[in-house]
Amino acid sequence: MSAEAPAGPARTRLPLVALAGNPNTGKTTLFNRLTRSDRKVANYPGITVERHEGELRLPGGRTVRVLDVPGTYSLSARSREEEIAIDSVAGLRGEPEPDLVVLVADATQLSRNLYMALQVLELEVPLVVALNMSDALAARGASIDVDALSNALGVAVVAIAAQKGQGLAALESAIERALAAPDGARPGARWQPGSVELAADLERVGAVLPPEWSRGNPARVRALAAWALLSLDEHDELRDVPEALRRAVIERRAQAQQTSRQIETEIIRGRYDWIDALTASVVREGPQARTATERADAVLLNPWIGFPLFLLAMSVVFLALFSWSEPAIGAIEAGFGVLTGLVRDALGPGILRDFVTDGLIAGVGSVVVFLPQILLLFLFIGILEDTGYMARVACIMDRLMRAMGLSGRAFVPMLSGYACAVPAILATRTMERQRDRTLTMMVVPLMTCSARLPVYTLVIGALFPPTLLLGFAPVQSLMLVAMYLFSALMALVVAAVLSRTMLKGPRVPLILEMPPYRTPHWPSVLRQMFQKARTFLTEAGSVILVCTIALWGLLAFPKDAQREERRETLAAAIAAAETETEGRESQERVEALTAEDAALAGEALRESYGGRLGRAIEPAIEPLGFDWKIGVGLIGAFAAREVFVATLGVVYGMGGVDEDSTTLRERIRAETRANGEHVYTPLTGLSLMIFFALACQCMSTLAAVRRETRSWGWVLFLFAYMTALAWIASFAVYQGGRALGFS
Amino acid sequence: MPNPRDLRPGETARLLEVGGDRSFRRRLMEMGFLPGTPVRLVRRVRIGDLVEFEVRGGHISLRASEAGALRFESQR
Chain Y
1 MSAEAPAGPA RTRLPLVALA GNPNTGKTTL FNRLTRSDRK VANYPGITVE RHEGELRLPG
61 GRTVRVLDVP GTYSLSARSR EEEIAIDSVA GLRGEPEPDL VVLVADATQL SRNLYMALQV
121 LELEVPLVVA LNMSDALAAR GASIDVDALS NALGVAVVAI AAQKGQGLAA LESAIERALA
181 APDGARPGAR WQPGSVELAA DLERVGAVLP PEWSRGNPAR VRALAAWALL SLDEHDELRD
241 VPEALRRAVI ERRAQAQQTS RQIETEIIRG RYDWIDALTA SVVREGPQAR TATERADAVL
301 LNPWIGFPLF LLAMSVVFLA LFSWSEPAIG AIEAGFGVLT GLVRDALGPG ILRDFVTDGL
361 IAGVGSVVVF LPQILLLFLF IGILEDTGYM ARVACIMDRL MRAMGLSGRA FVPMLSGYAC
421 AVPAILATRT MERQRDRTLT MMVVPLMTCS ARLPVYTLVI GALFPPTLLL GFAPVQSLML
481 VAMYLFSALM ALVVAAVLSR TMLKGPRVPL ILEMPPYRTP HWPSVLRQMF QKARTFLTEA
541 GSVILVCTIA LWGLLAFPKD AQREERRETL AAAIAAAETE TEGRESQERV EALTAEDAAL
601 AGEALRESYG GRLGRAIEPA IEPLGFDWKI GVGLIGAFAA REVFVATLGV VYGMGGVDED
661 STTLRERIRA ETRANGEHVY TPLTGLSLMI FFALACQCMS TLAAVRRETR SWGWVLFLFA
721 YMTALAWIAS FAVYQGGRAL GFS
Chain R
744 MPNPRDLRPG ETARLLEVGG DRSFRRRLME MGFLPGTPVR LVRRVRIGDL VEFEVRGGHI
804 SLRASEAGAL RFESQR
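Keeping their order, the protein sequence lines are chains Y and R.
Positions 1 to 743 (the working numbering) are the ones given, in order, by the first sequence.
Positions 744 to 819 (the working numbering) are the ones given, in order, by the second sequence.
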């Protein structure tokens, strides 16, 4: 799965076909149908929105590049994705001008979809309209006269059903014909400004358009002037817009208002009047009936049934997430164990072997082990989105999220945060305002990501009794559920505080489309899932790998030559004793030698850079109930949280342990302080889990926030507030618990 | 001028004007909420305090408070 295909000159000369359209029109399904393989994923220059490109071989043998433009309702811009839509369709601000735009239109909502088609026509970009969901239209008993529509628009119109794969051959032929004769695809008709005043507004704004935008084409000048009049104002967050243009727009708008004109209404009304005149003659409506979707929503959005059903759906998702991922996680851990063993045998003892096994393989392993949970959660999110239920979830959650200063739209990023904060931070890109994106990014890292789970599993398994509360509720499972709920609660509380203080701002109104329910298109769901996994591997995985290797260095150096020598002798003696004839004596000998080796390893760790660091921070973490050994683990956890478990294994001279190993659990239960008290009590365990729940121990998250906000300030703030919150909360839990008489 | 509060679920009314903040108004109009267009109030989603409308074949939910920007022609 190579993310970057070579961008050779042959490749860039291929004609570019931009696939545009409203959200929920099946645009991505069509993209997946047309481009069967080789997809190029990168970010748009200057903006972090993913740019998906694939190749399509046309029936005549010609190959074209297909660009999946983010779904938008119009080319007017407000959000990042809308900015991309206008840039990709019109070839602005660094985006290449497409040779052809294929507009995917939902046949069941023709007029609203033609609104965007009309904007493309105005730009005089060659166009083909793919009329999707023609099957759903027929099922409703309605129909569209495709030929008449094609004649009226002056471009090819092809009826397709992307999900069933119908009409694709005809669409490909139409693309081929339009590319061969681009003039044939030029519009024969389009909307004209309805009044002298509006024509004057367009001309005035058109006069200050950058020449590289309009390229001397009068139609483009007018189309882009209309775009500017709809998109620009004092508060837009659009990049690279000349200030003169914005000023001209604001000025014309103010002038129009003096004569009670609304320029926006005039432009949009003009377009819709044109569209309505057209659709009146080409659309034959079927009988109006309450659809299956409306009947389903009567139940799913019912106040008494809808919310319990939503909770049930979420519980099923999380139960499946844990129970289904477990075998895969076990297999991956076993696999990496075998690999480590093989390498250990193949390479002689020494620093290279340690680097490969403890640094490299452990690093890759600690990344890959998350894949099962991440794949599963994104599979479920994909299913929820593709069936249309996610829009209802946004509906259900909006009231709560709104009270916290977020919007229902923040639900998907927050749910994604249960897998990994990095793809969740990237999922904020669909939001309209930077303030909302930043606010969501500041709280998503609080969600219980899969890296916290091994820590919770170890602590709960070791320190909390496997008994039933009130005779039926398992204490350990309850603790885990409580930690998950705690994280969501903290995220909401922090959002409520930030939205009322540092990130105060006007609320963005919610406009939420409720698409009809449908069965998911599995290839699209799976493709989406693998994309998210790839995001995790490339964005988070690389950082985790580097940090794990750096951590290995911190814990492995400086080396004491004498001690190393002794350990080598010991290793040889252990190997020799193991091969000796079986018997109690040789077994005891092996155990004694192993214990000595482990003690030496512990000593080496204590004197390593990491160990020194752990001891240096001990005064700061002592009030939380942690000793320097936990401190070393915490330092390790800054690379990636789950490294904590492996680091503890090293700290206690056990090597190669995971969160389920009983030896590590027993070992930490036995660990005592200088005064003979146990280090690990349920209270320390709770304090430790609270710390892990709140502290920002993830370099990949910080790197992602830096890229998405383009500010070091927010990165620092995120790190500082989370770590401070973690310290304070752990302090309160530990000291409060002690004051109440818990140990 | 009735606003969405005065409509019963399932009732269709002609839109008279769209108010609210400029970019919100522009968005609504581009999605088909234009004065003169028939709009059906599909349901009030009480769990989320939203109102679902049908306009030009599409179903769109707005927050009940923000839907107040829509004014309808009087039915009677």
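These are computed hints drawn from the structure, not numbers from a lab.
Quick reminder that beta carbons are idealized off the backbone N, C-alpha and C, glycines included.
Any given hint could turn out to be false.
[What the hints assert, rightly or not] Residues from chain Y that keep clear of chain R, each with C-beta distances beyond 12 angstroms, as calculated: (1) Arg-62; (2) Glu-203; (3) Arg-239; (4) Leu-301; (5) Gly-330; (6) Leu-347; (7) Gly-461; (8) Leu-498; (9) Leu-510; (10) Glu-513; (11) Glu-568; (12) Arg-669; (13) Trp-714; (14) Gln-735.
[What the hints assert, rightly or not] Sample of chain R residues facing chain Y (criterion: CB under 10 angstroms; computed from the structure): (15) Pro-745; (16) Ala-756; (17) Leu-759; (18) Arg-768; (19) Gly-775; (20) Pro-778; (21) Val-785; (22) Leu-793; (23) Glu-809; (24) Glu-816.
Evaluated hints:
1. Arg-62: 35 angstroms, holds
2. Glu-203: 21 angstroms, holds
3. Arg-239: 17 angstroms, holds
4. Leu-301: Non-interface label fails for Leu-301/Y: nearest chain R Cβ at 5 angstroms, not farther than 12 angstroms.
5. Gly-330: 39 angstroms, holds
6. Leu-347: Given that every Cβ of chain R is farther than 12 angstroms from that of Leu-347/Y, nearest at about 59 angstroms, it holds.
7. Gly-461: Given a closest Cβ separation of 38 angstroms, the condition holds.
8. Leu-498: At about 21 angstroms from chain R, Leu-498/Y clears the 12 angstroms cut-off, so the statement holds.
9. Leu-510: 5 angstroms, violated
10. Glu-513: Violated, because the least Cβ-Cβ distance between Glu-513/Y and chain R comes to about 6 angstroms, which does not exceed 12 angstroms.
11. Glu-568: 66 angstroms, holds
12. Arg-669: About 46 angstroms separates Arg-669/Y from the closest Cβ of chain R, which puts it past 12 angstroms; holds.
13. Trp-714: 24 angstroms, holds
14. Gln-735: 41 angstroms, holds
15. Pro-745: Not OK, violated: Pro-745/R not within 10 angstroms of chain Y, min 20 angstroms.
16. Ala-756: With Cβ-Cβ at 16 angstroms, over 10 angstroms, it is violated.
17. Leu-759: 13 angstroms, violated
18. Arg-768: Status holds, d = 7 angstroms.
19. Gly-775: 5 angstroms, holds
20. Pro-778: 8 angstroms, holds
21. Val-785: 7 angstroms, holds
22. Leu-793: Holds: closest Cβ of chain Y sits about 5 angstroms from Leu-793/R, inside 10 angstroms.
23. Glu-809: 4 angstroms, holds
24. Glu-816: 16 angstroms, violated
Checked against the numbered hints above, the structure violates hints 4, 9, 10, 15, 16, 17 and 24; every other hint is satisfied.
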